Amino acid sequence: MVDLSIDLNGLDLKNPVMTASGTFGYGEEFMDFFDVSRLGGIMVKGTTLKHREGNPYPRMAETPQGMLNAVGLQNKGVHYFADTIYPRIKHYDTHLFVNVSGSTIEEYVETAEVVNALDHIPGIELNISCPNVKEGGMAFGTSCPSAVAVVEAVRKVYKKHLMVKLSPNVTNIAEIAKAVEDAGADSVSLINTLLGMAIDVKTRKPILSTITGGLSGPAVKPIAVRMVWQVAQVVNIPIVGMGGIMNANDAIEFMLAGASAIQVGTANFIDPAVTLKIIDGIEAYCKEHGFAKASDLVGAMQA
Amino acid sequence: MVDLSIDLNGLDLKNPVMTASGTFGYGEEFMDFFDVSRLGGIMVKGTTLKHREGNPYPRMAETPQGMLNAVGLQNKGVHYFADTIYPRIKHYDTHLFVNVSGSTIEEYVETAEVVNALDHIPGIELNISCPNVKEGGMAFGTSCPSAVAVVEAVRKVYKKHLMVKLSPNVTNIAEIAKAVEDAGADSVSLINTLLGMAIDVKTRKPILSTITGGLSGPAVKPIAVRMVWQVAQVVNIPIVGMGGIMNANDAIEFMLAGASAIQVGTANFIDPAVTLKIIDGIEAYCKEHGFAKASDLVGAMQA
Amino acid sequence: MKKYVDDFKVIKNERLNHEYVVLTLQHPGKLPPMLPGQFVEVRVDNGPNTFLRRPISIHDIDEENNTMLLLVQEIGEGTQLMCALKEGDTCNMVYPLGNSFAMPDKPRVLLVGGGCGIAPLLFMGRRLKANGIEPQFLLGARTAEGLIALDAFKQLGTVHTTTEDGSVGTKGFVIHHPVMRTQTPDIDQIYTCGPEAMMKVVAKYAGNHNIKCQVSLENHMACGFGACLCCVAETLDGNKCTCTDGPVFDSTYLKW
Amino acid sequence: MKKYVDDFKVIKNERLNHEYVVLTLQHPGKLPPMLPGQFVEVRVDNGPNTFLRRPISIHDIDEENNTMLLLVQEIGEGTQLMCALKEGDTCNMVYPLGNSFAMPDKPRVLLVGGGCGIAPLLFMGRRLKANGIEPQFLLGARTAEGLIALDAFKQLGTVHTTTEDGSVGTKGFVIHHPVMRTQTPDIDQIYTCGPEAMMKVVAKYAGNHNIKCQVSLENHMACGFGACLCCVAETLDGNKCTCTDGPVFDSTYLKW
Ligand SMILES: Cc1cc2nc3c(=O)[nH]c(=O)nc-3n(C[C@H](O)[C@H](O)[C@H](O)COP(=O)(O)OP(=O)(O)OC[C@H]3O[C@@H](n4cnc5c(N)ncnc54)[C@H](O)[C@@H]3O)c2cc1C
Ligand SMILES: Cc1cc2nc3c(=O)[nH]c(=O)nc-3n(C[C@H](O)[C@H](O)[C@H](O)COP(=O)(O)OP(=O)(O)OC[C@H]3O[C@@H](n4cnc5c(N)ncnc54)[C@H](O)[C@@H]3O)c2cc1C
Ligand SMILES: Cc1cc2nc3c(=O)[nH]c(=O)nc-3n(C[C@H](O)[C@H](O)[C@H](O)COP(=O)(O)O)c2cc1C
Ligand SMILES: Cc1cc2nc3c(=O)[nH]c(=O)nc-3n(C[C@H](O)[C@H](O)[C@H](O)COP(=O)(O)O)c2cc1C
Ligand code: FES
Ligand code: FES
Numbered sequence: 001m002v003d004l005s006i007d008l009n010g011l012d013l014k015n016p017v018m019t020a021s022g023t024f025g026y027g028e029e030f031m032d033f034f035d036v037s038r039l040g041g042i043m044v045k046g047t048t049l050k051h052r053e054g055n056p057y058p059r060m061a062e063t064p065q066g067m068l069n070a071v072g073l074q075n076k077g078v079h080y081f082a083d084t085i086y087p088r089i090k091h092y093d094t095h096l097f098v099n100v101s102g103s104t105i106e107e108y109v110e111t112a113e114v115v116n117a118l119d120h121i122p123g124i125e126l127n128i129s130c131p132n133v134k135e136g137g138m139a140f141g142t143s144c145p146s147a148v149a150v151v152e153a154v155r156k157v158y159k160k161h162l163m164v165k166l167s168p169n170v171t172n173i174a175e176i177a178k179a180v181e182d183a184g185a186d187s188v189s190l191i192n193t194l195l196g197m198a199i200d201v202k203t204r205k206p207i208l209s210t211i212t213g214g215l216s217g218p219a220v221k222p223i224a225v226r227m228v229w230q231v232a233q234v235v236n237i238p239i240v241g242m243g244g245i246m247n248a249n250d251a252i253e254f255m256l257a258g259a260s261a262i263q264v265g266t267a268n269f270i271d272p273a274v275t276l277k278i279i280d281g282i283e284a285y286c287k288e289h290g291f292a293k294a295s296d297l298v299g300a301m302q303a
Numbered sequence: 001m002v003d004l005s006i007d008l009n010g011l012d013l014k015n016p017v018m019t020a021s022g023t024f025g026y027g028e029e030f031m032d033f034f035d036v037s038r039l040g041g042i043m044v045k046g047t048t049l050k051h052r053e054g055n056p057y058p059r060m061a062e063t064p065q066g067m068l069n070a071v072g073l074q075n076k077g078v079h080y081f082a083d084t085i086y087p088r089i090k091h092y093d094t095h096l097f098v099n100v101s102g103s104t105i106e107e108y109v110e111t112a113e114v115v116n117a118l119d120h121i122p123g124i125e126l127n128i129s130c131p132n133v134k135e136g137g138m139a140f141g142t143s144c145p146s147a148v149a150v151v152e153a154v155r156k157v158y159k160k161h162l163m164v165k166l167s168p169n170v171t172n173i174a175e176i177a178k179a180v181e182d183a184g185a186d187s188v189s190l191i192n193t194l195l196g197m198a199i200d201v202k203t204r205k206p207i208l209s210t211i212t213g214g215l216s217g218p219a220v221k222p223i224a225v226r227m228v229w230q231v232a233q234v235v236n237i238p239i240v241g242m243g244g245i246m247n248a249n250d251a252i253e254f255m256l257a258g259a260s261a262i263q264v265g266t267a268n269f270i271d272p273a274v275t276l277k278i279i280d281g282i283e284a285y286c287k288e289h290g291f292a293k294a295s296d297l298v299g300a301m302q303a
Numbered sequence: 001m002k003k004y005v006d007d008f009k010v011i012k013n014e015r016l017n018h019e020y021v022v023l024t025l026q027h028p029g030k031l032p033p034m035l036p037g038q039f040v041e042v043r044v045d046n047g048p049n050t051f052l053r054r055p056i057s058i059h060d061i062d063e064e065n066n067t068m069l070l071l072v073q074e075i076g077e078g079t080q081l082m083c084a085l086k087e088g089d090t091c092n093m094v095y096p097l098g099n100s101f102a103m104p105d106k107p108r109v110l111l112v113g114g115g116c117g118i119a120p121l122l123f124m125g126r127r128l129k130a131n132g133i134e135p136q137f138l139l140g141a142r143t144a145e146g147l148i149a150l151d152a153f154k155q156l157g158t159v160h161t162t163t164e165d166g167s168v169g170t171k172g173f174v175i176h177h178p179v180m181r182t183q184t185p186d187i188d189q190i191y192t193c194g195p196e197a198m199m200k201v202v203a204k205y206a207g208n209h210n211i212k213c214q215v216s217l218e219n220h221m222a223c224g225f226g227a228c229l230c231c232v233a234e235t236l237d238g239n240k241c242t243c244t245d246g247p248v249f250d251s252t253y254l255k256w
Numbered sequence: 001m002k003k004y005v006d007d008f009k010v011i012k013n014e015r016l017n018h019e020y021v022v023l024t025l026q027h028p029g030k031l032p033p034m035l036p037g038q039f040v041e042v043r044v045d046n047g048p049n050t051f052l053r054r055p056i057s058i059h060d061i062d063e064e065n066n067t068m069l070l071l072v073q074e075i076g077e078g079t080q081l082m083c084a085l086k087e088g089d090t091c092n093m094v095y096p097l098g099n100s101f102a103m104p105d106k107p108r109v110l111l112v113g114g115g116c117g118i119a120p121l122l123f124m125g126r127r128l129k130a131n132g133i134e135p136q137f138l139l140g141a142r143t144a145e146g147l148i149a150l151d152a153f154k155q156l157g158t159v160h161t162t163t164e165d166g167s168v169g170t171k172g173f174v175i176h177h178p179v180m181r182t183q184t185p186d187i188d189q190i191y192t193c194g195p196e197a198m199m200k201v202v203a204k205y206a207g208n209h210n211i212k213c214q215v216s217l218e219n220h221m222a223c224g225f226g227a228c229l230c231c232v233a234e235t236l237d238g239n240k241c242t243c244t245d246g247p248v249f250d251s252t253y254l255k256w
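Chains as they are written, first to last, in my numbering: chain A, 1 to 303; chain B, 1 to 303; chain C, 1 to 256; chain D, 1 to 256.
If we strip away everything but chain A, and leave its shape as in the complex, we get (with noise of 0.2 Å):
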């Protein structure tokens, strides 16, 4: 038998994969299709203090081997969360992530707060690289200071697993890592979307209202793979990886370069059972090539 389980900085996940923000609702969708409770973890929908409409439509754009969005985090707001939709989640037999994003420092906060109350949240995402919202999001994630400032607000009222959610969009992310882990992350996610943008040849707009939207696919999956490898190589904190992966060998190709979990995204709107074939993918991984416990892929690749 095959140890999948992980220890993420003292939380226990009972396999490597979780979903990623954005790309798996609130689970409930999926319900249909497999049962959630097999999850590593869930990540929320991106969740701010108040409610969002998100940008017009279209919001989506294909690209190869991956797609463009510019939803910018249309939600209902962290208390309507807390009070409708936690209450019919929170059974989920694995373990359920809020990702908390803002405009500002004080939102951040606030919205933390809230989710620090929630007991079967054990811990919250901070997206500080969110491509798709004019205030803050990205901009927190793109400097080492301001993702500082966030984080250390966060963490004097967030008492749980805090996870950091960083951005590829940058010159050096091992260093913003870093830093993060020096303000008090307790892991670090990554990769967010890449800035990019499509134009429509026919009609000479741009296909996203917002012109610019956020890259995600295996188009990415290289870079994210790289951005793992560099950030494994100075954080002592767990490492979550994500960006394209679609099957269990990509998952295994994060592991290897760092990642002590990952989270799959863009995989779901393909094949909405897809994390159930990476879980045993992992597994039948491990067996053939003698693994007794998952975790010890994580950084296991040969330089």
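Please keep in mind that the hints were generated in silico from the structure rather than gathered at the bench. Given the structure is predicted, the values throughout are model-derived calculations rather than measurements. Glycine residues also receive a C-beta, built at the ideal position from the N, C-alpha and C atoms.
Calculated cross-link-like contacts (lysine-lysine; reagent style DSBU-like; alpha-carbon spacing at most 30 Å):
#1 D/LYS30 to D/LYS2
#2 D/LYS2 to B/LYS90
#3 A/LYS76 to C/LYS3
#4 B/LYS50 to D/LYS255
#5 D/LYS9 to B/LYS277
#6 C/LYS204 to C/LYS171
#7 B/LYS160 to B/LYS50
#8 B/LYS205 to D/LYS240
Where chain A lies over chain C, by a calculated footprint (3+ residues, C-beta under 8 Å):
#9 216-227
#10 230-239
For this one, chain A is given, so just place chains B, C and D with the ligands on it according to the hints.
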């Protein structure tokens, strides 16, 4: 008749289609496939002051709609180029540019000086963005002060068209483009490859001998188009766009975003005569959409 | 309504003309319940440019043979690949998705379609007929060749047609057809699916005459089942997903 | 040698066993000159993971019928797609690429192949025979099933075989075959293509006995015609492209 010519800050290109450095050899390799004189321009292989062996094999990995390379500027040095290769290719009836690289500012300057003396080379492309060499290369292109330093130094000795090739591995490419313009560049070209990585899960080793390499191909196109558009908002010199261009529609997307000319890289490997098809495709598009001049497409996106 | 992911078998590919194909797809077992107005998300794997699934309306259902019909219009690489499916090929689908046309309170029903938007109207017509309502169809196209699947519709009700070049039916757009030009129309309910411009004039006409009108939107989708929030339409209650809250909306609910 | 890009027509797909296929491809016109040891770059379009062309050796040429044979081993998505090509399909190729095996000075020639590396040896054997030289072939495989295309080789010369399990021929690797174990071998020239480990022991044997040895490398390639510099092998003169300076090298020239 559509006028395909482009004024690249005083340099008259017969059409907007150039080939990207490191993907077209010295043009000779393509002579069997088509007459390279039909091109708007040819960017010859990355050239350094001294002979370079490049990186060890393996230097290539295939990725979803893209590839990683780690060639590492293998070339015989600028003197060999001037003495042996230049005489062979100088008769091409198109603009030949030399892509100039170095580990130190002095090397860039000395190499540019040698090229300055070659009558049939109307311009250089200063490569401050190669991710595949240990020293110099990308390091110069990822901060404004170092980019400015190398451009200013080369500008002093290089009297013809000075194109500067920007790195996409930065937080704010527009800032660097602006700095480089102020330092005396005649045009900017972008994007060079994105730093990426791939691991063979069977062997658990990196596929490239250098672990990381440069990502190119359609996968990066949305990022490249976005960067061209961002740079177009801030500079007044022409932009030469590239990154994943496979066909005329892709080329037009870059032009609409603000590129005066484009370069085709990886696509040459898959279809050696693709550049001709792109030239013809741009002409057909102009006809169909009522553009008398291809230059009218530049920046014609309606935001 | 429970959603599934299944491999269907292509048992027939009938080409109607140079741009339309009707695919008959067979479920490996028993087809689960589905409603008119719902759609499927088809996986089209073998193209370098087709990354996401493609949403396609359920054109018709044959419960006895456990088959589903899709009416596909070739407009890009994904639909081209679908139209190239051959007998015996496999087609992976997520289904059934979205809400559905609501059954009418009153019997005088008009279904207005254009382009591939006629697809869900056939299934709806069948269910109406099964409920004792004989609907009228108003189908518009650019030319005679664009008027497809008429025979199937004729089995379910009266079929009116318009063509822009006047080669068949009334000349003009659907809105120019007599059935929509009377001052006191004998219609209680309209269902419409097609180009947005067409649906907007139909909805406006319905509004002017106090006719209930349900429209089916074809927004671009990444997932089709509520996970991505890419497919929103602006409604009186803000942005709503066309894939879960839609694709069918009351026309008055949309901010058009 | 002038290079071309052309669509060939698949006129036959012969499956040899679960991993090997021989494709017969017909040129639309007259085949241009090609040499044994050269290869083609095949475009495999319809896979999300196959972005670059795939290099495949020229297995044989039929100048009369303007056909080319490729021996393809299924190892990944690209070769799987090639092996799935059907009669009548089109296959786009850049060809002919690379240098070639040099014709020998002396007549006693041994061609040593393993795996898909036997592919270019058939074409070479045919040219040798046309030049009045009857070569010996030494073909190795893991099991009897891996020994393919033997009949074709037998028409051109003596065929020796080895299998790792001893099911056919000598038990062991090619290097264990008697033809390579004599102290005074009656061989003037070896040509070898196959797994690198195999070629290395063959080259070492050749070196020990002062036999000339040409090896054909199968480095990963992005372009196949000298444009990318991805395919280099280390030689006495530094890095050389296997696609233009190779794929055939004198074994003593390589830094092995
Ligand atoms: C709920 C729903 C039901 C649908 N039902 C049917 C149906 O029954 N039959 C049918 O043929 N089609 C239907 N469509 C439309 C169909 O999904 C698109 O035509 C298809 O996704 C296009 O894919 P493609 O790869 O062929 O084209 P692409 O290459 O993706 O696109 C080609 C061009 O069409 C545009 N386009 C792509 N998708 C859409 C869209 N959804 N709406 C408008 N323009 C688009 C693109 O912007 C592009 O300009 C439906 C769409 C939705 C959302
Ligand atoms: C000059 C030359 C001639 C060749 N001749 C033939 C031939 O006649 N018949 C034949 O079947 N094959 C031949 N090959 C090998 C063939 O090119 C590869 O098997 C093919 O490219 C693999 O593509 P794929 O998509 O099936 O596998 P991929 O999915 O690309 O790869 C599957 C696995 O095989 C490995 N791999 C891929 N390419 C190579 C390679 N070139 N060498 C070693 N390992 C590789 C990958 O790293 C991966 O682990 C030749 C290669 C070269 C360079
Ligand atoms: C439609 C969509 C919505 C997303 N919303 C969020 C979000 O709300 N918060 C967040 O941190 N990341 C969001 N992301 C980014 C993903 O969580 C993930 O970082 C990214 O998509 C890369 O992974 P993938 O390639 O597996 O999709 C979103 C991505 C997509 C495609
Ligand atoms: C094999 C290879 C070698 C390259 N060598 C160079 C080089 O020497 N100098 C340089 O500035 N860019 C080099 N590049 C980058 C390309 O010129 C181009 O910027 C990049 O590939 C993006 O364009 P594409 O997606 O069309 O290939 C190289 C790219 C590839 C794939
Ligand atoms: S298409 Fe994903 S939510 Fe509607
Ligand atoms: S494969 Fe490109 S140079 Fe050899």
